[in-house]
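Just so you know, the protein sequences line up as chains A and B, in that order.
Residue 260 is where the first sequence starts when you use the working numbering, and the numbers rise one by one after that.
Residue 56 is where the second sequence starts when you use the working numbering, and the numbers rise one by one after that.
Warning: the hint list may mix true and false statements.
Capping the alpha-carbon separation at 25 Å, the derived lysine-lysine pairs in PhoX-like fashion look like this [said to hold, decoys possible]: (1) B:Lys474 - A:Lys416; (2) B:Lys289 - A:Lys473; (3) B:Lys354 - B:Lys289; (4) B:Lys422 - A:Lys385; (5) A:Lys473 - B:Lys637; (6) B:Lys714 - B:Lys637; (7) B:Lys774 - A:Lys416; (8) A:Lys423 - B:Lys422; (9) B:Lys474 - A:Lys385.
No wet-lab data here; the hints were simulated from the structure.
One letter stands for each residue in the lines below.
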Amino acid sequence: MVMKNILWLSISLGLVLSCTKRIEIEPTPGEEVAVIQAFLFNDSVAKVVVTKNTAFLSSTKPPRSASAVITLSDNVGNSESLTYNPTDETYYGSTIIGVVGRTYTLSVLVEGKQYTAVSVLPELYKADSIVPYFDPGNTFTDEGWYVRFYGADNPNKSDYYFIKGYANDIFLNEPTDIFVSDDRFLSQNVQGIDLDFLYEPGDNARVDFYSLTKEAYEFYLAAQLQLNSDGGFFSTPPANAPSNFNNGAFGLFQCSTRKPLFATIPN
Amino acid sequence: MKKIIGFSILFACFIGQVSAQTKYKISGVVSDTSGMSVIGAILFAEGTSYGTTTDVDGKYVLELPAGTYTLVINYTGFKTVKRKIVVAGNQTIDFQIEPTDVGQAVIITGEKPNQNVDNTSMGVTELTIDEIKKMPALFGEVDILKNIQTLPGVQVAGEGNTGLYVRGGGADQNLILIDEAPLYNAAHLFGIFSIFNADAISTVELYKAGVPSQYGGRLSSLLDVRTKSGNMQKFSANGGIGTVASRLTLEGPIIKDKLSYVVSGRRSYADLFLLLSPDEDVRSNKLYFYDLNGRMDFKLNARNSFYVSSYYGRDRFKFADVFQQRWGNATLTTNWKHVASDKLIINTYGTYSNYRYLLGINSGSTKFDYETGIREYALKVDFNYLPNSNHNIHYGVSFAQRTYDPGKFTPKEEGSVFKPIQNPNYYSIEGALFASNIQKVSEKISLDYGLRLNWFAYMGKGVVYSYNGSPSTGEVIDTTTYKSGELIKDFWGLEPRAAVRYLINDQSSVKIGYNRNIQYLTQISNSLSPVPFDIWVPASVHFKPQISDQIAAGYFRNLKDNMFETSVEVYYKYFQNAVDYKDNADILLNPNIESQVRTGIGWSYGAEFFLKKKKGDLTGWVSYTLSWSYRKIDGINNGEKYFAGFDRRHNINIVGAYKINDRWDISANWVFGTGRPIGIPNSGYDFDYFWLGIYPERNSFRLPSYHRFDISATLKQKKKIFKTGEGSWNFSIYNLYGAFRINPFTVITNTNEEGERYFEAIYFPAPIPSVTYNFKF
Numbered sequence: 260m261v262m263k264n265i266l267w268l269s270i271s272l273g274l275v276l277s278c279t280k281r282i283e284i285e286p287t288p289g290e291e292v293a294v295i296q297a298f299l300f301n302d303s304v305a306k307v308v309v310t311k312n313t314a315f316l317s318s319t320k321p322p323r324s325a326s327a328v329i330t331l332s333d334n335v336g337n338s339e340s341l342t343y344n345p346t347d348e349t350y351y352g353s354t355i356i357g358v359v360g361r362t363y364t365l366s367v368l369v370e371g372k373q374y375t376a377v378s379v380l381p382e383l384y385k386a387d388s389i390v391p392y393f394d395p396g397n398t399f400t401d402e403g404w405y406v407r408f409y410g411a412d413n414p415n416k417s418d419y420y421f422i423k424g425y426a427n428d429i430f431l432n433e434p435t436d437i438f439v440s441d442d443r444f445l446s447q448n449v450q451g452i453d454l455d456f457l458y459e460p461g462d463n464a465r466v467d468f469y470s471l472t473k474e475a476y477e478f479y480l481a482a483q484l485q486l487n488s489d490g491g492f493f494s495t496p497p498a499n500a501p502s503n504f505n506n507g508a509f510g511l512f513q514c515s516t517r518k519p520l521f522a523t524i525p526n
Numbered sequence: 056m057k058k059i060i061g062f063s064i065l066f067a068c069f070i071g072q073v074s075a076q077t078k079y080k081i082s083g084v085v086s087d088t089s090g091m092s093v094i095g096a097i098l099f100a101e102g103t104s105y106g107t108t109t110d111v112d113g114k115y116v117l118e119l120p121a122g123t124y125t126l127v128i129n130y131t132g133f134k135t136v137k138r139k140i141v142v143a144g145n146q147t148i149d150f151q152i153e154p155t156d157v158g159q160a161v162i163i164t165g166e167k168p169n170q171n172v173d174n175t176s177m178g179v180t181e182l183t184i185d186e187i188k189k190m191p192a193l194f195g196e197v198d199i200l201k202n203i204q205t206l207p208g209v210q211v212a213g214e215g216n217t218g219l220y221v222r223g224g225g226a227d228q229n230l231i232l233i234d235e236a237p238l239y240n241a242a243h244l245f246g247i248f249s250i251f252n253a254d255a256i257s258t259v260e261l262y263k264a265g266v267p268s269q270y271g272g273r274l275s276s277l278l279d280v281r282t283k284s285g286n287m288q289k290f291s292a293n294g295g296i297g298t299v300a301s302r303l304t305l306e307g308p309i310i311k312d313k314l315s316y317v318v319s320g321r322r323s324y325a326d327l328f329l330l331l332s333p334d335e336d337v338r339s340n341k342l343y344f345y346d347l348n349g350r351m352d353f354k355l356n357a358r359n360s361f362y363v364s365s366y367y368g369r370d371r372f373k374f375a376d377v378f379q380q381r382w383g384n385a386t387l388t389t390n391w392k393h394v395a396s397d398k399l400i401i402n403t404y405g406t407y408s409n410y411r412y413l414l415g416i417n418s419g420s421t422k423f424d425y426e427t428g429i430r431e432y433a434l435k436v437d438f439n440y441l442p443n444s445n446h447n448i449h450y451g452v453s454f455a456q457r458t459y460d461p462g463k464f465t466p467k468e469e470g471s472v473f474k475p476i477q478n479p480n481y482y483s484i485e486g487a488l489f490a491s492n493i494q495k496v497s498e499k500i501s502l503d504y505g506l507r508l509n510w511f512a513y514m515g516k517g518v519v520y521s522y523n524g525s526p527s528t529g530e531v532i533d534t535t536t537y538k539s540g541e542l543i544k545d546f547w548g549l550e551p552r553a554a555v556r557y558l559i560n561d562q563s564s565v566k567i568g569y570n571r572n573i574q575y576l577t578q579i580s581n582s583l584s585p586v587p588f589d590i591w592v593p594a595s596v597h598f599k600p601q602i603s604d605q606i607a608a609g610y611f612r613n614l615k616d617n618m619f620e621t622s623v624e625v626y627y628k629y630f631q632n633a634v635d636y637k638d639n640a641d642i643l644l645n646p647n648i649e650s651q652v653r654t655g656i657g658w659s660y661g662a663e664f665f666l667k668k669k670k671g672d673l674t675g676w677v678s679y680t681l682s683w684s685y686r687k688i689d690g691i692n693n694g695e696k697y698f699a700g701f702d703r704r705h706n707i708n709i710v711g712a713y714k715i716n717d718r719w720d721i722s723a724n725w726v727f728g729t730g731r732p733i734g735i736p737n738s739g740y741d742f743d744y745f746w747l748g749i750y751p752e753r754n755s756f757r758l759p760s761y762h763r764f765d766i767s768a769t770l771k772q773k774k775k776i777f778k779t780g781e782g783s784w785n786f787s788i789y790n791l792y793g794a795f796r797i798n799p800f801t802v803i804t805n806t807n808e809e810g811e812r813y814f815e816a817i818y819f820p821a822p823i824p825s826v827t828y829n830f831k832f
């Protein structure tokens, strides 16, 4: 959320005097839990990765499970099992593509435990276009090309958004860049909101807009707070990102309308 | 001193005989040569057991049988005054006392040599401004809140932070008063400095327990800061030029012996160096704070005096034209002191306090202003009735009206991508009746008891949300709108406070006390260290008043003719309706703020050891605090108990000042504290393109312990300024060995370019040397 980021920035300026130094801490490892990354969009079949947690500082990703039994069903009677693709260690659906307004249930059986998440697939109200602009730079932004978003927010309900940026199909979000927003501060007509993706002249700019449910928004917002926290001194204390799976699994079953917007950066 | 011992021991033998005689009342005021009342001066009739001390207004009452006496007035730092009097009836005699060493700073808080043993108060610590000014200071800025933090029972959030965490209480649980006007944010620069300019302050008292019944509204402490009154006799100026800020104070009579003024200002100037930059953008940046204090005192006659004092301070950050931030307090105090009779003094206070925060963004498509604040008007009448030397009675009434601004968000241009959000203000009124008495039951036993009755009303205009179950569900099912002035919800509260002191001998005593405090407003702050945009909310339908009960006991012993003061105090404190926030709480401009808050209980307990050397070339103190602070709140940490974020097991402070000769003073302090508990992840997982931590119980990891050593030296200038003025240089180094050992105030997680994750400590750079030049004439 823009406002939070700005307030956070103002505090960082207050901390301008502070220094940082790498320190060695080895926290006692926590107990093992299942982690499920599951996505269903309006333009593709379901995609699920099943893993576990690992030591926080571990540089290798935790192993991905190949033995899970995963089923996806919707509220109009469709159901399917997902199949495992060993190449990218990911489970894929085959026929069900997300439909706005339907409610989906994902069940994952792994190592004898069943985890279930339910999510509606929310509408993306109006994402019209992105338009390039040149920012000469100031205290807070680097000089260069950026894009502005034009669209509208549905005034009759609460909406939640998530975005990812690409330049020539190269993903731009840093691992701490969680661009997520609710619509509390947004006017109905969003006529030109600056997005924080830096482009080179001539780039093919692409920004993917996702609609989120409230639960998915809370997950991403918690991730954003956690990844940009100061340990809770001035900022919100870091805490777990709430999962919509039951039975203690971490992760998220995200159902979204996805809309890519394109622009060409002038030379 | 011997007289006092005699007074103590012999009084019991004389009591029957004395009470049979007719006694007359000798009363008056003791003041210094500048006309300021002297607090705690000792008066006694030489060769007898009759004696007393002056009260906070410099007033004394001594009852003597008819006869001829030599009255002796003793006060540390002042020449002893002896005067022959003939007692044949009630009479008023005022005394003026002179400093022993003319030109030396007046010692501002005075006390009986064995005050700590003799009085009934526990958990009260006074620091003199002189003591404070001698100590090493961060960036050379003398800061009373940082000195308060070196006292037993006071915890610190982190380096360079002025927040006070007293006996397990949160940072919003301290009633911070400047001349009776409350301050809702006493920090500059996010807490690196406090708003108190030491040059404008006369006394500072911290009550960790046994807050007098005339004060209420916060659970954990009272910090009573009084500004100084102007010299009624002659003009003087003092000030200092420091590393980060400079100060100037002017004072003097407008009408000699009748009307005086003090004006005091301080401004930081780090940003002035920015003007040297060739870059225009950099030159247009602003980063400073300032304080202005002003006070006028008027003595109408012996029975009526008045003062008006005011504080105004602001922090200001401005970066180019795209970002600006301002915040600060404004306060105003008016006081009328009326001596109705020689037994009754009436103090009437009218106070005003206004805290504002403003953020302005003027960049690209995101142009907006964001404002929050709180404003209070209050009136208090305090009757101090002294029927005889065995009773010191306070009673009175107070009233306060507050307006809480929880935030206004205003887009600054037509067609903005933002919409305005204006959370409606909250309103409250509060009334209190109070009465207390310090009663000398016998020479051994003194009692201090009081009662405070509060009425707090949450008033319209306002909106109250009804939830499907508790507010934590966040599901609003109904809203009720209240008109302006309509009562929405009110609370009654009774706060008993009692203490007993048993004097073992004039050098040692035992004290036990109990007190209850009720707090009707909460600072919504979901971080350890309050930030300037944290809002205050009143007790309401969904916010119950917070209550604390504290019992404390102490043993006080002075050694070597009061050269050393020692004490041991133990306490247990229990909090009801303690507030904390759910994980990832969203508290910003949230109209349903109650849905983010969880309430439960808290408790803290500990022991505090204190040794102070008050006299001689070497002075200072050692304090050690052993303490625990817990919270247990449904919906947080699975309802299990957890450590409060400022819990520290051990705290040690060693503070010393040594007078080498007439020109050189040196001082040093060493501070140690167990690391505070924070949350760090004990495992992690990847999700899409980022990596998240899994956090175990709340505040389950301890930061490394904190310690540092500071030194300072003060050199008095030989040459006089304007013939009589004095100058001195203060050189100080904060955290002398900080280059070799860091004190993280927080730990974050980070990832380097190779994708390797690690923990990173954030800490203050050290050592920090500074030079300050102080002057007065």
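Verification of the hints:
no., hint, verdict
1, B:Lys474 - A:Lys416, "holds, 15 Å"
2, B:Lys289 - A:Lys473, "violated, 69 Å"
3, B:Lys354 - B:Lys289, "holds, 16 Å"
4, B:Lys422 - A:Lys385, "holds, 23 Å"
5, A:Lys473 - B:Lys637, "holds, 16 Å"
6, B:Lys714 - B:Lys637, "violated, 53 Å"
7, B:Lys774 - A:Lys416, "violated, 76 Å"
8, A:Lys423 - B:Lys422, "holds, 24 Å"
9, B:Lys474 - A:Lys385, "holds, 17 Å"
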